[in-house]
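S.K.: This is what each chain is made of:
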Amino acid sequence: MHRVNQLLRRLPVWAVYLFGALPAFWLFYLGLTGGLGVEPIKALEHEYGGLALQLMVLTLAITPLRRLAGLNLMKFRRAIGLLCFFYVSCHLLVWLVLDVQIIGEIFADIARRPFITIGMGGFILMLPLAVTSNNVSVRRLGRSWPRLHRLTYAASLLGALHYVMLVKGFQIEPLLYLGAVIAALGLRLPAAPFRRQQPAPKASGGT
Amino acid sequence: MARRWTNDLTLADATPEAAFWNRRQIMAGLAGSGLAAALGTSVQAEEALDPNTWEEVTNYCNFYEFGTGKGDPSAYADRMTTRPWSVTIDGLVDRPGDYSFEQILGEMTLEERIYRFRCVEAWSMVVPWQGFELADLLNMAGVQGGAKYVSFETLYRPSEMPGTAYKVLDWPYREGLRLDEAMHPLTMMATGIFGKPLPNQNGAPLRLVVPWKYGFKSIKSVVRVTLTDQEPPTSWNMANRREYGFYSNVNPDVSHPRWSQASERRIGGGLFAKRQPTLMFNGYGKEVASLYEGMDLARHF
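In order, the protein sequences belong to chains A and L.
Position one of the first sequence corresponds to residue 1 (my numbering), numbered consecutively onward.
Position one of the second sequence corresponds to residue 1001 (my numbering), numbered consecutively onward.
Everything labelled a hint here was simulated from the structure, so no lab data went into it.
Treat the numbers as computed from the prediction; the structure is a model and nothing was measured.
Not one of these hints is a red herring.
Which residues of chain A face chain L? A few of them, derived with a C-beta cut under 10 Å, are:
(1) G37
(2) P40
(3) D109
(4) I172
(5) E173
Simulated DEER-style distance windows between Cβ atoms:
(6) L/G1285 / A/V167: 30 to 38 Å
(7) A/G179 / L/Y1156: 26 to 34 Å
(8) L/W1054 / A/L32: 17 to 25 Å
(9) L/H1300 / A/G34: 37 to 45 Å
(10) L/R1178 / A/L32: 44 to 52 Å
(11) L/D1296 / A/Q54: 41 to 49 Å
(12) L/Q1103 / A/G50: 44 to 52 Å
(13) A/I182 / L/G1097: 49 to 57 Å
(14) L/P1096 / A/I182: 50 to 58 Å
(15) A/A111 / L/A1048: 33 to 41 Å
(16) A/F170 / L/A1048: 37 to 45 Å
(17) L/W1054 / A/S144: 54 to 62 Å
We treat Cβ as the ideally placed atom computed from N, Cα and C, and that holds for glycine.
Construct the complete structure from the given sequences, taking the supplied hints into account.
M.R.: Structural data, given as structure tokens:
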């Protein structure tokens, strides 16, 4: 794990932003050119939503991975979190502009359809997180910054729930995402394994 | 009775594609007027329906026995054995029994119908089906006086259906119609599209098509037809009674809890396809509205 961390340390953060954002453009290009099948609007919406959920789980996993496995991705946490917000925004934009299209129906859907209400709730919770993801905000907010950013927990639960409620019938995949989110949050509870050994500095970073 | 008709060659083999589609549209018009005569009503010349492409119809399917993704059926349905195939017709009929697919085809007259197809998920297609009227099949078995409903079952064969490893629905897939809906001349059993046998993902070798109802009512790969005197349980209704009614008529005024039904998007329009308004009874109101006279369609949705 030490070697992996050494290698990761050499990876610049901008590379994560760059390679993380590329799939969004690639998928859009595929949608334009028929690469996403005969119904590209839904395919694109689902691809963006899926990537957002995966990045959400990864963001939540960074702390447990460091504490339990010694894998240090802290350097990339902000980038991964912002990429997650980027894909949530893409997902929302596809839904607004390409899918529903009609302003009246957009508001009716948000108000009337619980899975959309919950999805919008998740997006709104992510807005202050995205806005304060810069060094100035971290300094200015001081001790409120980490408290504010615990909104991630609520947003990720809403995001996973949004997917569970969207699918028809009893499907496994959305439950796996919800399970992953709940597990990642559960590891943060006071009784979780790494909480108890928190004072041991050796557990972090594998130094 | 017509002899069995096997569709080896299609008009597409003999004519340029544009001429093929023109002819199909004319045939759709003829089918409409023939139907109007049968019903004793005057149906205006139906606007020419421009069918979706083979690629669209066969690659964007819901068939949860093969997986819940839209691409799963076309990817996995070839595992399903469709020969031999037989359909059990039982319940309140004079001649119950297992009818082989060939036996059924031998008794039926195949014809082409171009129908709008509307999914509950608010997408739609136009499909050129080949098949026969369900009424003919039911008459072959001899419907008894006490029958009020028809229930259908899809093949359930886990070894060939990877999606059934998960209890997405209570397998086997079940659907049902009221007898008058089943006997309606628009209701057909399809055996082909575009003049070719049905691909497995579209419900080979024999599926129901009820064009004025949401697509999930048009049950695929039928192995059992039962005449009953009671409303049969149906899969989506069992899974979620609030969202999927027994009737599930296409109705822009009754909002589904998860999809607005006021508009729909036709498959195949690309990334910037516009929505279009959904028609009551999917545009077949003149033909079928009388079936529901006196019923509150918001309650019996």
